[in-house]
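As they're listed, the protein sequences go chains H and V.
Under our numbering, the first residue of the first sequence is numbered 3, with each subsequent residue one higher.
Under our numbering, the first residue of the second sequence is numbered 3, with each subsequent residue one higher.
A portion of the hints provided could be inaccurate.
Partial selection, computed: residues in chain H whose CB lies under 8 Å from chain V [as the list claims (entries may be wrong)]:
#, residue
1, Tyr-17
2, Pro-25
3, Lys-65
4, Ser-68
5, Gln-69
6, Ala-73
7, Val-92
In silico lysine-lysine, DSS-like type, Cα no more than 30 Å apart, as pairs [as the list claims (entries may be wrong)]:
#, chain 1, residue 1, chain 2, residue 2
8, H, Lys-22, V, Lys-65
9, V, Lys-22, H, Lys-65
10, H, Lys-22, H, Lys-65
11, V, Lys-65, V, Lys-22
With beta-carbon atoms standing in for the labels, derived distance ranges [claimed, not checked]:
#, chain 1, residue 1, chain 2, residue 2, range
12, V, Pro-98, H, Gly-61, 46 to 52 Å
13, H, Arg-127, V, Lys-22, 24 to 30 Å
14, H, Ala-123, V, Glu-47, 45 to 51 Å
No lab work stands behind these hints: they were computed from the structure.
Cβ coordinates follow ideal geometry from the N, Cα and C atoms, glycine included.
Letter by letter, the chains look like this.
2 protein chains.
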Amino acid sequence: MTASTDLDDLDDLAYDVFAKACPSRGTLEHVTGRWGGLTLGALYEGSLRFNELRRRVDGVSEKMLSQTLHALERDGLVHREAQPTNPPRVDYELTPLGRRVAERLLALIHCVEGAMDDVLAARERYDATRGAR
Amino acid sequence: MTASTDLDDLDDLAYDVFAKACPSRGTLEHVTGRWGGLTLGALYEGSLRFNELRRRVDGVSEKMLSQTLHALERDGLVHREAQPTNPPRVDYELTPLGRRVAERLLALIHCVEGAMDDVLAARERYDATRGAR
């Protein structure tokens, strides 16, 4: 057994979203939460200012977007850059870690979007069966 | 422009999680919600009975797991199979569509688990800076 295998095993033991107390569960929730996911997805296309982000993430309130950005910044997924201009201008962009996570998230989002015809057909079948009971 | 390109364009217009009213947003929430994501991840390893699932998805209540399974079944991602045994036995398994979605979700989960050392270091830096202000 090599040292690198030992480290891999250690990593496997260290973080597991299936375990209630694992901190990875909280981060997964920041990433996949209603607004967190859309925020990461929007920033994958490039850096955006707060109001640009708010327009892109249709339906988010100012307060929720602000909380979402704080959580993602704290987790090291989003970088907040205050420009020394007058009036002050704040840009948000993904960190390299945020890009890695956003790539996987977007693959999931595109998979779900592409599956929606099947999902809606399944819902119709399900509701018809339930209604007939 | 070919017919297939036209169809691709139509698909792009049809479903967009960034649009508030798009039904794909609801399905994405079923897939990435706290319990939906863990349930899909657990079932990716094979079919499970209700109580097996409940043990695997550490911390979920009976009520929440039941609601989660109903939503995933309605979306056509999970198949519920009642065995004609006595006592009755109910197995849950992913549909082919559920497997495609779960694959992307697990790639995201593993990415987040693998990033946790960096995430926790980022949190320490963030909290130290905030505390010093």
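- request: Starting from the hint list further up, note which numbers the structure goes against and sort them upward.
  value: 3, 4, 5, 6, 7, 12, 14
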